[in-house]
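So you can see what is in the structure, the chains are spelled out below.
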Amino acid sequence: MSRLPRDHPAYDELTLDVLLQSARALDPKLDELSTARIEARLARQLAGQRARGGYPARWFAIAALSVAAALALLWLGRAPHTPRLAEPSRSLAHREPRRDTARATVSPADAEPALLTVYCIAGVDDEPLRSLLGRAVSRIELPRAVVVRATLGEHTRLSLQGPSTVRVASERAAHGMLELAQGRLVADFEGDGSRRLSVQTPHARIDVVGTRFAIDARASRTVIHVEHGTVQVELGERSVRVSDGETFDSRERAVRREAPPTTLARVLRDHARALLPPPAGEQRVLRVEGAGAGLRARLGDALLGVTPVVALVPLGEVAVTLEPGPRAKPSSEPREKLSASDAEALYAAAEDCMRLAEPTCARARLARLIADFGQSPQAATARYELARLAQDGEGCAAAAPLWADYLRRHPSGQFAATARERVARCEHVGAPP
Amino acid sequence: MTQRDAPARSGVPPREPPRAIEADDATLVALAQRGDDAAFRVLYRRHAQGVYGRLTRLLGPRDEREDLVQQVFWSFFRALPRYRGDAPVSAFLHGIVTRVAYDALRKRKRTPTAQPREADLEQLLSGEQSPEERLRAREHITALYAALDRIKPRKRIAFVLYAIEGLALTEIATLTGAEPRAIGQRIAAARNELERMLQRPHGRTTGASS
Chain W
0 MSRLPRDHPA YDELTLDVLL QSARALDPKL DELSTARIEA RLARQLAGQR
50 ARGGYPARWF AIAALSVAAA LALLWLGRAP HTPRLAEPSR SLAHREPRRD
100 TARATVSPAD AEPALLTVYC IAGVDDEPLR SLLGRAVSRI ELPRAVVVRA
150 TLGEHTRLSL QGPSTVRVAS ERAAHGMLEL AQGRLVADFE GDGSRRLSVQ
200 TPHARIDVVG TRFAIDARAS RTVIHVEHGT VQVELGERSV RVSDGETFDS
250 RERAVRREAP PTTLARVLRD HARALLPPPA GEQRVLRVEG AGAGLRARLG
300 DALLGVTPVV ALVPLGEVAV TLEPGPRAKP SSEPREKLSA SDAEALYAAA
350 EDCMRLAEPT CARARLARLI ADFGQSPQAA TARYELARLA QDGEGCAAAA
400 PLWADYLRRH PSGQFAATAR ERVARCEHVG APP
Chain C
0 MTQRDAPARS GVPPREPPRA IEADDATLVA LAQRGDDAAF RVLYRRHAQG
50 VYGRLTRLLG PRDEREDLVQ QVFWSFFRAL PRYRGDAPVS AFLHGIVTRV
100 AYDALRKRKR TPTAQPREAD LEQLLSGEQS PEERLRAREH ITALYAALDR
150 IKPRKRIAFV LYAIEGLALT EIATLTGAEP RAIGQRIAAA RNELERMLQR
200 PHGRTTGASS
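For the record, the sequence lines run as chains W and C.
So the first sequence is residues 0 to 432, counted in numbering that gives the first Met the number 0.
So the second sequence is residues 0 to 209, counted in numbering that gives the first Met the number 0.
Treat the hints loosely; a few may be bogus.
Stated by the list, open to error - Derived DSBU-like pairs: lysine-lysine, alpha-carbon spacing no greater than 35 Å straight-line:
(1) K28/W / K151/C
(2) K28/W / K106/C
(3) K106/C / K151/C
What the hints assert, rightly or not - With the Cβ distance kept under 7 Å, some of the chain C side facing chain W (calculated, not the full set):
(4) D36
(5) Q48
(6) Y51
(7) G52
(8) E65
(9) V68
(10) F72
(11) W73
(12) L123
(13) A136
(14) I140
(15) I163
(16) N191
(17) E194
(18) L197
It should be emphasised that the hints constitute simulated quantities derived from the structure, not laboratory data.
Beta carbons: idealized from backbone N, C-alpha and C, even for Gly.
Produce the complete structure using the sequences and hints provided.
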């Protein structure tokens, strides 16, 4: 048995009693996001279990067969050469949680106001994270291989690539401030004399007046590349200006005129290719190549450049026009196979959330249903429910575009009369429905 | 999909009232056994904090706890057909927690996991403590779980359930499936090992009893 290191800080008063007392005072709390995340994973497991038709007797049989097969292979001495089985086609009903998204955490802005609005997420399969679309958050912590696009006010558009952590330190329109503890960030900032943006990394503070730039913040150093414009980098008492096409490395403390490092080049390219959301109140038409079963994937390609897996757009912000065209470049990741029964399952899951009075959960599922099964019969009801939830939660301002969207798509739908009545009430000043 | 009728007054389709939220555990279990996933999720929401708390005290502040909470409830779901209601749901769940924690500790012996992060430690502490108290508490928790990591899982679980959770020997015996006498021996052995580990470098031992 080994002892604790001699320099352990607790040696000064280390007794088992004292340590146990501290342990008894622990107050572990599973936060709301983690609770929801686990619940979502369990729901998927439950759905998968139901879809496979029941309880574990079959599992035991499969497990027993697997053990027998493994023993047989071991006996034959072929275990190290066991051929890898092809991955079974995945469906929504029995999708396993991805390991790299298991630790994704996003803290909604509960107490402090913030302007960082998440509007597009790629590479993430995590329901709580996706449910933040269109919502303001004060801090985003992303796992590996996840890309988030967000806006900070009306003048800053960001791409953040995981693993990364960014926090809004100041939301003032005149001087926004972000803290990038780690990760890669690309920002477009439309500045003028009256507006400034600063990004604080562990090694430097970057003051921006108006530019597109990329930052790679790591534990050991911070690398900044400016695509156009100029930024001012503060390193303790020293100050450096980095301009068009220059790269600054905090470890070398030098500015060089060179292409961005490969770690940043791809993020910059994707950011430039991504369709950025229009300013508030402006309607923009997005033309997406191709239509039909692969719509979601192609929509993701158009919105996110080259790394999409999942892309959802807050309703009412972007109008989509479909036109026939050549096939879009397929994503490198396999697409999920989705079926009509998944639409029903998704709607049932959303209904569960509504029954449990959990609008955030319900909205996420309804949005997913619309994105994945936009032409299904369930999608019409989902659009209606989304509008109703927005009306209940945020009032006319949030609900009006959703009612309009429902009426545009389903002018003689089951809920068209109700939707028209709601729109009319919203338009009547001082008479909220 | 359910087609809803629009009521005359508000124009909004009627919403079913939240169901099962107010029901007791036995009712929820009965519903879940008949295939009602919503009832199972209410059970999850009701007991998740308790499961997470016990897992934390058994394993220390580690990343894996969230996955293990999921594992516990998945095992619970799979065990539903065997649950006859002769013990409260929480007791049944804590039996599963103990098994899951034991497996995780054994696995950890084979593949050591990373040390707890500051943020994980910080999350465990009460918000009412001063910064100095929090610092001290963090050091204590780190030291205690570093020492616990060095004793065998069987002894560790018995000791934590007894000395931190405050369970009686018979309760621990029920949870672990061992004899109360064996549990007593494990606790004594764990205490001896921990006290030896916490000896000061010059050989003087600190008094410890709990």
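Which of the numbered hints are not met once you compare them with the structure shown?
16
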